[in-house]
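J.: Each chain is listed here by its residues.
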Amino acid sequence: MLDKADQLFVLLKDWLVGYLPGGWQQPAGVVLGVIGIVAVYPTLFATAVLMERKGLGRMQNRLGPNRVGPFGILQPIADAIKSLTKEDIVPLNADAMVHFLAPVVLVVVAFMGFAVLPVGRNMVLVDMDASLLFYFAMGASTELSIFMAGWSSRNKYSLLGAMRAVAQMISYEVPLLLSSVTIVMMTGSLSLVKIVDAQNQYTWGLPHWYIFTPWGCAAFVMYAIAATAETNRSPFDLPEGESELVAGYFTEYSGFKFALFFLGEYLGMLSISGLGTTLFLGGWSAPFAFLAWVPSWIWFFSKVMLSIVVLIWVRGTLPRLRQDQLMNFAWKFVLPMTLLNLMVAAVWRFMGEGLLRWIVCSAILVVVFVAAGRAGMGRKHFGPRSYRYAD
Amino acid sequence: MSFVFWLIAALTVAGGLAAVLLKNLVHCALALTIAFLGLALLFLQLDAQFAGFAQILVYVGAVAILVVFAILLTRSSEIPKDGGIFSRTWVTGLVIAAAVFAMLGWAVLQSVPGLPHESAAPAASVQQIGWALMGRYVLPLEIVALLLTAALIGAVIVAMHEKEGAKER
Chain A
702 MLDKADQLFV
712 LLKDWLVGYL
722 PGGWQQPAGV
732 VLGVIGIVAV
742 YPTLFATAVL
752 MERKGLGRMQ
762 NRLGPNRVGP
772 FGILQPIADA
782 IKSLTKEDIV
792 PLNADAMVHF
802 LAPVVLVVVA
812 FMGFAVLPVG
822 RNMVLVDMDA
832 SLLFYFAMGA
842 STELSIFMAG
852 WSSRNKYSLL
862 GAMRAVAQMI
872 SYEVPLLLSS
882 VTIVMMTGSL
892 SLVKIVDAQN
902 QYTWGLPHWY
912 IFTPWGCAAF
922 VMYAIAATAE
932 TNRSPFDLPE
942 GESELVAGYF
952 TEYSGFKFAL
962 FFLGEYLGML
972 SISGLGTTLF
982 LGGWSAPFAF
992 LAWVPSWIWF
1002 FSKVMLSIVV
1012 LIWVRGTLPR
1022 LRQDQLMNFA
1032 WKFVLPMTLL
1042 NLMVAAVWRF
1052 MGEGLLRWIV
1062 CSAILVVVFV
1072 AAGRAGMGRK
1082 HFGPRSYRYA
1092 D
Chain B
201 MSFVFWLIAA
211 LTVAGGLAAV
221 LLKNLVHCAL
231 ALTIAFLGLA
241 LLFLQLDAQF
251 AGFAQILVYV
261 GAVAILVVFA
271 ILLTRSSEIP
281 KDGGIFSRTW
291 VTGLVIAAAV
301 FAMLGWAVLQ
311 SVPGLPHESA
321 APAASVQQIG
331 WALMGRYVLP
341 LEIVALLLTA
351 ALIGAVIVAM
361 HEKEGAKER
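Chains A and B are the protein sequences, given in the same order. Every position in the first sequence, counted from 1, becomes a number in the numbering used here once 701 is added. Every position in the second sequence, counted from 1, becomes a number in the numbering used here once 200 is added.
A hint or two may mislead.
Said to hold, decoys possible - Examples of chain A residues lying across from chain B (beta carbon under 10 Å, computed): (1) Glu753; (2) Gly756; (3) Val799; (4) Leu834; (5) Phe837; (6) Met839; (7) Met864; (8) Glu874.
Calculated directly from the structure, the hints in this document are not laboratory data. All C-beta atoms in this analysis are idealised placements derived from N, C-alpha and C, irrespective of residue type, glycine included.
Looking at chain B on its own, in the form it has when it is part of the complex (with noise of 0.2 Å):
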C-alpha cells in the first residue's frame, strides 16, 4: 500500500460521499464521475492498462454524460434554493450506500477462498486481452454485440414518434 494508493483512495471515496451526500443533483453526478476517474486509476496502478483506459472512456466519456443528460432533461436542472450543499436526505443516501457497500464487500469476501493462490501478480497485456476476445471467447463477444445492438435498436423503436402507428387507428 504505498503514498499513491492511499491517495487515489482518498479521491474516489471524497468523490463518492459527494455523490451521495450533495443537494445539487449536476454536483453529484460530476462528484460520481470523480469516483470512476479514481477507480480508473487504481486499475492503472494495479497494471491494468485496458481495464483503466476503458473505464474512463467509458464511465467518464459516455456513462457520466449520459447521467448528466438524463438529469437535464428530466428535471430541468433546478436549483434548489434553501441554503447549504448537503442534501437533506443525506443520511437515506448514506444508509443506502453502505448497505450496497456491505453487500458487495460481503459477496467479494465470501469468494476469496474459492480462488487459487498465487504468488505472482497476474499481467495481461492489451494485446493478450485482444487475441482472447479474438480468439478463445470470440462467441461469447458476438453474442453480447448482438444483444446490445438489439438494445440499441429496440431503445430507438421506443423513444421514436409513432408516426405509422398514428395512421392506423
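Only chain A is shown next, with the shape it has when bound in the complex (with noise of 0.2 Å):
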C-alpha cells in the first residue's frame, strides 16, 4: 500500500500509458512527464508567492494579502487574472523582437533545470550521465536573456540592472559550480540520480545527507549563499534596487510578460532550491530511517519549501548589499573559501575512515573561516558614516 503512495505517479503514468500502442508509450511517457513539470511548479509558484507576502507582510508588522478568498489564500488566482488582462505596453523605441523573446526564453530556460531532478523515487524526466552539467548550462543561458531585457527596453534604468544582475551572476556562478564540484568529487558521478542514491543510507537510523559532513556543511552554506545571489534575491537584489532603479531589468515590462518575469524568478528559485536539496539535503530520501514509509516526493517537496521558506526569511530580515560590498564577498571571500572547501574534502576522501578525519577537516575550514573573517573585518574601520559625494 505505502509502496503504492510511494510510486503513485509512476504507477499512474504507467497506467495511462498502457492505453496506447507500443511505438507510442515512450513518447508519452515524456510528454506525459513534462505536463507533470508544468502543472506542478507553477503551482508551487503560487504557493510560493502567497507564502512570501504572508510571511513578509508578518514580519513588517502588517497583515499581507487578506481580502481574496478565506485568508487571502486565492489571491495568486485574482493576479494571474489581473496579468492576464492587463494591457501588455511595449516602448516606442524597444527592440520588438528581442523585448518580446527576453521572457520566453527566460521561462522556458527555468523550465529546462526542472527534466533532471529526481523528485521521487524513479521519478526523473531525464535520468542521463551529465545531468548536473546539464542544470548549469541551463542556468548559465538565464543570464542572456536577463541582458536581452535590459538592453531592448531602451531604458536606462533596465539597462543599468541588466549589467547588474549579469555581473553578478557570473560572480556567483562560480562559487556555486565550486561548492557543487565537491559533491561530485564525493560520489564520483554528475548523476543526481546517483547522488541522491549515495546519500540515501543509514547510519543508526540517520541519514548520510552531505550537509552531515564538515565540507559538504561548509559547501551547503556557500551554495545557499551563491544561489541566493543567483536567483536575485534580497540581500543580493540589486538589479532590482527599487531605490535607484525602478525595477530593473524588467522596468518596462508590463501585463503578462512581466508575469513571466515573476514566474521565471520563481522557477528559478524553486529548481535551485530543488538542486541544492538534490546534492546537499539527501534529495527525495528520509530524515530518519524510521520514516522512510512516508512517500519519497513528498519528503523532497517538503524540503524545497523549507529551503523558499528559509529564502523568504532571510529576505525579511537583512538589508540590501552595496555593489562593492557584493562583488568582494563573492571573489575576495566566497570563491577562496571554496577552493579550500574542494582541498579539504581531499583531505576527506584520502584520510580513510575515522574520527581523526572529522576533526582534522572541521578544524581546517573553522580556523580558516575565523582567520579570514576577522582579517576581513580589520581592515574595515567603523565609525561614523561619512559621505563621498553628499554631504
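Join these two chains into a complex; the hints should help.
T.: Put into C-alpha cells, the structure is as follows:
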C-alpha cells in the first residue's frame, strides 16, 4: 500500500501510457512527465508567492493579502487574472523582437532545469550521466535573457539593472559551481540520481546526507549564499533595487510579460532549491530511517518548500548589500573558501574512515573561516558614516 | 541524416548568416548565440553530452555575455539610424565568413584520409572523459590550468589602475 503511494505517479503514468500502442508509449510517457513539471512547479510558484506575501507581511507588522478568499489564499488566482487582462505596453523605441523573446527565453530555460531533478524514487524526467552539467548549462543561459530584457527596453534603468544582474550572476556562478564540485568529487558521478542514491543510506537511523559532513556543511552554506545571489534574491537583489533602479531589467515590461519574469524568478528559486536539496539534503530520502515509509516525493517537495521559507525569512531579515560589498564578498571571501573546501574534501577522501578526519577537516575549515573573517573585518574601520558625494 | 539534423542545421546556419548580415551589433551577437546553441545541439545529437553541455555553458553562458559586454562598453550600443536591418557591408562580411569556412572545410577534408576508418561510432561518456583528464592527460590539464591562471592575472594587471606606478614617477 505504502509502496503504491510512493510510486503513485509512476504507476499512474504507466497505467495511462498502457492504453497506447507499443511505439507510442515512450514519447507519451515523456509528454506526461513534461505536463507534470509544467503543472506542478507553477502551482508551487503560486504557493510560494502567497507564502512570501503573507510571511513578509507578518515580519513587517502588517497583515498581507487577506481580501480574496478565506485568509487571502485565492490571491494568486486574482493576480494571474489581473496580469492576463492587463494591457501589454511595449515602449516605442524598444527592440520589439528581442523585447518579446527575453521573457520567453527566461521561462523556457527555467523550466528546462527541472527535467533532471529527481523528485522521488524513479521519478526523474531525464536520467542522464551529465545531468548536473545540464543543469548548470541551463542556469548559465538565463543571464542572456536578462541581458536581452535590459538592453532591448532602451531604458537606462533597465540596462543598468541588466548589467548589475549579469555581473552578479557571473560572479556568483563560480562559487555555485565550485561548491557543487565537492559533491561530484565524493560521489564520483555527475548524475543527480546517483548523487541521491549515495545519500540514501542510514547509520543508526540517521541519514548519510552530505550536509552532515564538515566539507558538505561548508559547501552547503556557500551554495546557499551563491544560490541567493544567483536568483537575485534579497540581500543580493541590487539588480532590482527599487530605490535606485525602479524595477531593474524588467522596468519596461507590463501585463503578462511582467508575470513571466516573476514566474521565471520564482522558478529559478524553486529549481535552485531543488538542486540544493538534491546535492546536500539527500533529495527525496527521508531524514530518519523510521520515516522512510513516507512517499519520497513528499520529502522532496517539503525540503524545497522549506528552503523557500528560509529564503523568504532571509529576505525579511537582512538589508540590501552595496555593489562593491557584493563583488568583494564573492571574489575575496566565498571563492577562496570554496577552493579551500575542495582541498578539505580531498583530505577527507584520502584520510579514510575514523574520527580523526572529522576533527582535522572541521578544524581546517573553522580556523580559516575565523581567520579570514577577522582579517577582512580588521581592514574595515567602523565609525560615523561618511558621505563622499553628498554632505 | 534525420529530420532533427536538418532542423538543427537550418537553425545554426540561419544564426550564423544573421550574425554576419545584420546591422545592429547586439543583434549580431545574439544571432551568434543561436549559432552556438545549434552547434551544441549538433554535439548532443551525436551523443557527445560533455561537449554539448560544455558548449552551452561556456559559449552561451560566458562567451556570448563577454561579446555583448564588449560591444556595449566600446560602442555604447549606438543604433544606426538609417533604415533597413541588414548591414551595409554585408558583402564583405559574407566573403570573409565564406573564406574562413572554405579554409576550415579544406583542412577538414585534407585530414580525412589520415584518420582510421571506424565502423562503430565512438562513444565517450562523461565519466570516461573525467577519468582520462584526471589520469592519462593530467599533466596537459595542469599546464593549461597554469597558463589560463597566468593569463587571468595578466589581464587583471593590465586592466588595473596604476596607483603605485604613478607615485614612482
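J.: A separate judgement is required for each hint: does it hold in the structure or not?
T.: Hints, one by one, checked against the model:
no. : hint   : verdict
1   : Glu753 : violated (28 Å)
2   : Gly756 : violated (33 Å)
3   : Val799 : holds (7 Å)
4   : Leu834 : holds (4 Å)
5   : Phe837 : holds (6 Å)
6   : Met839 : holds (8 Å)
7   : Met864 : holds (8 Å)
8   : Glu874 : holds (8 Å)
Violated hints, listed in ascending order, are 1, 2; each of the other numbered hints is respected by the structure.
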